[in-house]
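Protein chains: 2
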Amino acid sequence: MKKKTIAIDMDGVLADIEHQLIQHYNKANGTNLSKESIQGLEEEEAFVDRAVVRSVLNADNFFRSLPVMPDAVESVRELQENFEIFIVSAATEFPVSLAEKVAWLGEHFPFIKWENIILCGSKRIINTDYMIDDHCKNLDYCMGKPIMFTAFHNINKTHHLRVNNWKEVVAVLNETL
Amino acid sequence: MKKKTIAIDMDGVLADIEHQLIQHYNKANGTNLSKESIQGLEEEEAFVDRAVVRSVLNADNFFRSLPVMPDAVESVRELQENFEIFIVSAATEFPVSLAEKVAWLGEHFPFIKWENIILCGSKRIINTDYMIDDHCKNLDYCMGKPIMFTAFHNINKTHHLRVNNWKEVVAVLNETL
Numbered sequence: 001m002k003k004k005t006i007a008i009d010m011d012g013v014l015a016d017i018e019h020q021l022i023q024h025y026n027k028a029n030g031t032n033l034s035k036e037s038i039q040g041l042e043e044e045e046a047f048v049d050r051a052v053v054r055s056v057l058n059a060d061n062f063f064r065s066l067p068v069m070p071d072a073v074e075s076v077r078e079l080q081e082n083f084e085i086f087i088v089s090a091a092t093e094f095p096v097s098l099a100e101k102v103a104w105l106g107e108h109f110p111f112i113k114w115e116n117i118i119l120c121g122s123k124r125i126i127n128t129d130y131m132i133d134d135h136c137k138n139l140d141y142c143m144g145k146p147i148m149f150t151a152f153h154n155i156n157k158t159h160h161l162r163v164n165n166w167k168e169v170v171a172v173l174n175e176t177l
Numbered sequence: 001m002k003k004k005t006i007a008i009d010m011d012g013v014l015a016d017i018e019h020q021l022i023q024h025y026n027k028a029n030g031t032n033l034s035k036e037s038i039q040g041l042e043e044e045e046a047f048v049d050r051a052v053v054r055s056v057l058n059a060d061n062f063f064r065s066l067p068v069m070p071d072a073v074e075s076v077r078e079l080q081e082n083f084e085i086f087i088v089s090a091a092t093e094f095p096v097s098l099a100e101k102v103a104w105l106g107e108h109f110p111f112i113k114w115e116n117i118i119l120c121g122s123k124r125i126i127n128t129d130y131m132i133d134d135h136c137k138n139l140d141y142c143m144g145k146p147i148m149f150t151a152f153h154n155i156n157k158t159h160h161l162r163v164n165n166w167k168e169v170v171a172v173l174n175e176t177l
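Residue numbers (full-length UniProt numbering), protein chains in the order written: chain G, 1 to 177; chain B, 1 to 177.
Calculated from the structure, these hints are not laboratory results. Any given hint could be a false lead.
[To be verified] Derived lysine to aspartate or glutamate pairs resembling EDC-like cross-links, with alpha carbons at most 20 Å apart:
id, chain 1, residue 1, chain 2, residue 2
1, G, Lys167, G, Asp60
2, G, Lys137, B, Glu115
3, G, Lys137, B, Glu44
4, B, Lys113, G, Glu93
5, G, Lys4, G, Glu107
6, G, Lys157, G, Glu18
7, B, Lys167, B, Glu74
8, G, Lys167, G, Asp71
9, B, Lys137, B, Glu43
10, B, Lys3, G, Glu18
11, B, Lys3, B, Asp129
12, B, Lys137, G, Asp71
13, G, Lys167, G, Glu84
14, B, Lys137, G, Glu115
15, G, Lys113, B, Glu168
16, G, Lys137, G, Asp60
17, B, Lys4, B, Glu18
18, G, Lys35, G, Asp60
19, G, Lys3, B, Glu93
20, B, Lys2, G, Asp49
21, B, Lys4, B, Glu93
22, B, Lys157, B, Glu18
23, G, Lys2, B, Glu168
24, B, Lys157, B, Glu175
25, G, Lys2, G, Glu175
26, G, Lys137, G, Glu43
[As the list claims (entries may be wrong)] Looking from chain G toward chain B, a few residues come up when the C-beta cut is under 7 Å (computed):
id, residue
27, Asn116
28, Gly121
29, Ile125
30, Asn127
31, Asp129
32, Ile155
We put the beta carbon where it would ideally sit given N, CA and C, even for glycine.
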């Protein structure tokens, strides 16, 4: 039987961008943001100086050096047994991130083939059975079933199925088998 | 009314890869291939030494310096009035090509926004109303209506609607309006 497909986001889902963005933003901007202080804010409210955000995200090695989310590697490997996994990451806004994201996946998720990596802008034309993402701008328009991965900017959103960590992702998806 | 969507391939459709690949391959391999001598052959039959092909495609500046297909710029701009255009290019196999393809589009197609650029591997989860591509491996499994752009390797394939140039693309698509 053909496996069901899952589109998995990178930043905020496979890669822990939050911690590193706070650190780099504070350093560049002289602010004192913390994981706690930005809970429930929209990204633009949390990181007000958008020019600094752009400069941080455009810097060499930012995306290449992101830490992996807890349990992500083993969970994706486990899901791959029963689902076809596609990594679908918004990246074309920051061209320096493109090769870095492929290299990052190669290091941490070497069992994901290049055929299954998609670097995009909008995710509106991605058609998979499930989409795991932290951004409602992607989940609201996705063609399959949306699964919202908890992040500071979505904790007050309630209109998608929520998962708080990778163990919950695996539990939710295995239940569909 | 929501515009219909078109996924447009880059190599062999927007970008004239054939001429440049023949030149670089011949130079690296001491062969004497020509546009005429490879007509009707599969890519692997035309460019037999796959290691040389990989090295050519992995070289800096190969994709960045490809010529634009005749009439492509004006045609895509015209189609954009009535369709939503996505550029969908297989690129993750050659990471060096990723940023180069975005830069190439920025130079030649500055009216395409980053949101509408997709660099992928397999195109199987791309869902647009139309897909313009030269490769049957993409067209055979696409979710929308396939449109085959003529290339040396597909001239004997007859199972998709064929277009020979950009003027024909525009004519075929405008007829659907």
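Tested hints:
A C-alpha spacing of about 32 Å is found between G/Lys167 and G/Asp60, which places the hinted pair above 20 Å, so the restraint is violated. Proposed proximity of G/Lys137 and B/Glu115 is supported: the alpha carbons are some 12 Å apart, at most 20 Å. Between G/Lys137 and B/Glu44, the direct Cα distance comes to roughly 41 Å. Violation of the 20 Å bound is thereby established for this hinted pair. Between B/Lys113 and G/Glu93 the alpha-carbon distance is near 9 Å, which keeps this suggested pair within the 20 Å criterion.
This hinted pair does not check out: G/Lys4 and G/Glu107 have alpha carbons roughly 25 Å apart, beyond 20 Å. Straight-line distance between C-alpha atoms of G/Lys157 and G/Glu18 comes to about 18 Å, which keeps the hinted pair within the 20 Å bound. The straight-line distance between the Cα atoms of B/Lys167 and B/Glu74 is roughly 10 Å, inside the 20 Å bound, and the hint therefore holds. Restraint check for G/Lys167 and G/Asp71: satisfied, since their Cα atoms lie roughly 7 Å apart, inside the 20 Å limit.
Between B/Lys137 and B/Glu43, the direct Cα distance comes to roughly 12 Å. Compliance with the 20 Å bound is thereby established for this hinted pair. At most 20 Å may separate the alpha-carbon atoms for a hinted pair to count; B/Lys3 and G/Glu18 exceed this at roughly 36 Å. Of the supplied pair hints, the one linking B/Lys3 and B/Asp129 holds, its CA atoms being roughly 10 Å apart against a limit of 20 Å. Using a Cα cut-off of 20 Å, the hinted pair B/Lys137 and G/Asp71 is violated, with the two alpha carbons roughly 35 Å apart.
Between the alpha carbons of G/Lys167 and G/Glu84 the distance comes to roughly 18 Å, so the proposed pair stays at or under 20 Å and holds. At most 20 Å may separate the alpha-carbon atoms for a hinted pair to count; B/Lys137 and G/Glu115 meet this at roughly 12 Å. Between the alpha carbons of G/Lys113 and B/Glu168 the distance comes to roughly 36 Å, so the proposed pair goes past 20 Å and is violated. Proposed proximity of G/Lys137 and G/Asp60 is contradicted: the alpha carbons are some 26 Å apart, above 20 Å.
A C-alpha spacing of about 30 Å is found between B/Lys4 and B/Glu18, which places the hinted pair above 20 Å, so the restraint is violated. This hinted pair does not check out: G/Lys35 and G/Asp60 have alpha carbons roughly 24 Å apart, beyond 20 Å. Between G/Lys3 and B/Glu93 the alpha-carbon distance is near 23 Å, which puts this suggested pair outside the 20 Å criterion. Straight-line distance between C-alpha atoms of B/Lys2 and G/Asp49 comes to about 34 Å, which puts the hinted pair past the 20 Å bound.
Simply put, B/Lys4 and B/Glu93 have alpha-carbon atoms about 29 Å apart, too far for the 20 Å limit, and the pair is violated. The suggested pairing of B/Lys157 with B/Glu18 holds, with an alpha-carbon distance near 18 Å, which does not exceed 20 Å. With a C-alpha separation of about 36 Å, the suggested pairing of G/Lys2 with B/Glu168 is violated against the 20 Å cut-off. Taken as a hint, the B/Lys157 and B/Glu175 pair is broken in the structure, with Cα atoms around 23 Å apart against an allowance of 20 Å.
Restraint check for G/Lys2 and G/Glu175: the C-alpha separation of about 17 Å stays at or below 20 Å, so the hint holds. Pair hint G/Lys137 plus G/Glu43 holds up; C-alpha atoms about 12 Å apart against a cutoff of 20 Å. The interface hint given for G/Asn116 holds, since its Cβ lies 6 Å from the closest Cβ of chain B, which is under the 7 Å cut-off. Interface hint status for G/Gly121: upheld, as the beta-carbon distance to the closest one in chain B is roughly 4 Å, under 7 Å.
Look at G/Ile125: its Cβ gets to within about 5 Å of chain B, closer than 7 Å, so that hint holds up. This hint holds: G/Asn127 has a C-beta 4 Å from the nearest C-beta of chain B, less than the 7 Å allowed. At about 10 Å, the closest approach between the beta carbon of G/Asp129 and any beta carbon in chain B exceeds 7 Å, and the interface hint on this residue is violated. Evaluation of the G/Ile155 hint against chain B yields a violated restraint, the C-beta minimum of about 26 Å exceeding 7 Å.
Of the hints listed earlier, those the structure fails to meet are numbers 1, 3, 5, 10, 12, 15, 16, 17, 18, 19, 20, 21, 23, 24, 31 and 32, in rising order.
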